[in-house]
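Chemist: Going by the working numbering, 224 is the number at position 224 of the sequence shown; the sequence numbering is gapless.
Among the hints, erroneous ones may be present.
Unchecked claim - Quick list of in silico lysine-lysine cross-link-like pairs, BS3-like style, CA-CA up to 25 Å:
#: 1; residue 1: Lys270; residue 2: Lys241
#: 2; residue 1: Lys91; residue 2: Lys113
#: 3; residue 1: Lys118; residue 2: Lys82
#: 4; residue 1: Lys255; residue 2: Lys241
#: 5; residue 1: Lys255; residue 2: Lys309
#: 6; residue 1: Lys82; residue 2: Lys113
#: 7; residue 1: Lys241; residue 2: Lys274
#: 8; residue 1: Lys270; residue 2: Lys309
#: 9; residue 1: Lys241; residue 2: Lys309
#: 10; residue 1: Lys118; residue 2: Lys91
#: 11; residue 1: Lys274; residue 2: Lys309
Rather than coming from a laboratory, the hints here were simulated on the basis of the structure.
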Amino acid sequence: HVKQPVHRLYTIGPMFRHERPQKGRLRQFHQMDVEVIGATEPQVDAELMAMGQMLLDELGVTVSLEINSLGCPACRPGFRDKLIQYLNQHKESLCPDCRRRLNVNPLRALDCKNRNCKALVQDAPSILDSLCNDCNEHFSAVRQALDRFGVSYRENRFMVRGLDYYTRTTFEFITDALGAQAAVGAGGRYDGLLRQLNGPDLPGIGFALGMERLVLLMEQQENGTPLKPTTDLFVAALGEKAAEHAAILIHAVRKLGLSAAMDYSGRSLKAQMKQAGRLNSRFTLIIGEDELACNEGVLRDMNTQQQTKFPLSSPMDEQAQQMITLLSA
Numbered sequence: 001h002v003k004q005p006v007h008r009l010y011t012i013g014p015m016f017r018h019e020r021p022q023k024g025r026l027r028q029f030h031q032m033d034v035e036v037i038g039a040t041e042p043q044v045d046a047e048l049m050a051m052g053q054m055l056l057d058e059l060g061v062t063v064s065l066e067i068n069s070l071g072c073p074a075c076r077p078g079f080r081d082k083l084i085q086y087l088n089q090h091k092e093s094l095c096p097d098c099r100r101r102l103n104v105n106p107l108r109a110l111d112c113k114n115r116n117c118k119a120l121v122q123d124a125p126s127i128l129d130s131l132c133n134d135c136n137e138h139f140s141a142v143r144q145a146l147d148r149f150g151v152s153y154r155e156n157r158f159m160v161r162g163l164d165y166y167t168r169t170t171f172e173f174i175t176d177a178l179g180a181q182a183a184v185g186a187g188g189r190y191d192g193l194l195r196q197l198n199g200p201d202l203p204g205i206g207f208a209l210g211m212e213r214l215v216l217l218m219e220q221q222e223n224g225t226p227l228k229p230t231t232d233l234f235v236a237a238l239g240e241k242a243a244e245h246a247a248i249l250i251h252a253v254r255k256l257g258l259s260a261a262m263d264y265s266g267r268s269l270k271a272q273m274k275q276a277g278r279l280n281s282r283f284t285l286i287i288g289e290d291e292l293a294c295n296e297g298v299l300r301d302m303n304t305q306q307q308t309k310f311p312l313s314s315p316m317d318e319q320a321q322q323m324i325t326l327l328s329a
């Protein structure tokens, strides 16, 4: 048996929903998805949740992480039977939707928003009491990894997620800043889903963040950190020859993976430095006639304002590589 490679993927783009949109949700919306395909280890689950929490912290939004385990095909049927038995005993108190789904997807009653249903399921059987040994050990290891990462969380045995393909770990990033308690992002493990779609039998876990809902939350909390695009290098060129040198350098730097920009209009050094500031440039390289004459540009750290000499006489590929080294230090 050859172990399959682990794939870490993300997508950002438009999505469409069929059901009636709620507050902060649109018929067409934009979503960021993060997925890990090919890994079953509990630490991967915790790593993904920690990354989501870190992203939301960076944006300055306050959320709480709630986690649960939905078990696996070996242990979930037993819990499902216990839950159906309990709900049938209180069928008349269920809302019409939960009565309709009772024998098809009874787990959805656990996260029903109807007041009567929410009160009723407080005494319902817990999935966490029905986990098989493997699922119980997996969920325990997930919690231990979150503790090691220093990620705060709360167990929520009522969390079942809206899609039936989830297995074991499920999680949501919750806020009450949008009125009723709502999820800003959510996800879980979906081992077996690819096989159901006639693909390879690979495990997977992922989560999604709704971009419009996230913006709404940042506006509501009024403490979201504005996202300023960062330019790694801005080249301020004074004179035609300096501009030629700068254009070739930023092209070489871009090929190595850094973002770089320059001014093409021949403005003054003061105007170009202002442009570097507007671009939130980390470093600015100043090249003029004097710098070309002595083959040394001036590299300025825009945060500390410290300046160092940068050699301009070596081949352009070497200059680009040296720039990468300096900016990565």
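Chemist: Run every hint past the structure and note whether it holds.
Modeler: Each hint tested on the structure:
A C-alpha spacing of about 19 Å is found between Lys270 and Lys241, which places the hinted pair at or below 25 Å, so the restraint holds. Simply put, Lys91 and Lys113 have alpha-carbon atoms about 16 Å apart, close enough for the 25 Å limit, and the pair holds. Taking the CA atoms of Lys118 and Lys82, the gap is about 18 Å. The hint holds against a cut of 25 Å. A C-alpha spacing of about 22 Å is found between Lys255 and Lys241, which places the hinted pair at or below 25 Å, so the restraint holds.
Under the criterion of a C-alpha separation no larger than 25 Å, the hint pairing Lys255 with Lys309 is consistent with the structure, at around 23 Å. Proposed proximity of Lys82 and Lys113 is supported: the alpha carbons are some 21 Å apart, at most 25 Å. For the hint pairing Lys241 with Lys274, the CA-to-CA distance comes to about 22 Å; that is within 25 Å, so the pair holds. For the hint pairing Lys270 with Lys309, the CA-to-CA distance comes to about 19 Å; that is within 25 Å, so the pair holds.
This hinted pair checks out: Lys241 and Lys309 have alpha carbons roughly 19 Å apart, not beyond 25 Å. Between Lys118 and Lys91 the CA atoms are separated by roughly 13 Å; this keeps the pair inside 25 Å, and the hint holds. The suggested pairing of Lys274 with Lys309 holds, with an alpha-carbon distance near 21 Å, which does not exceed 25 Å.
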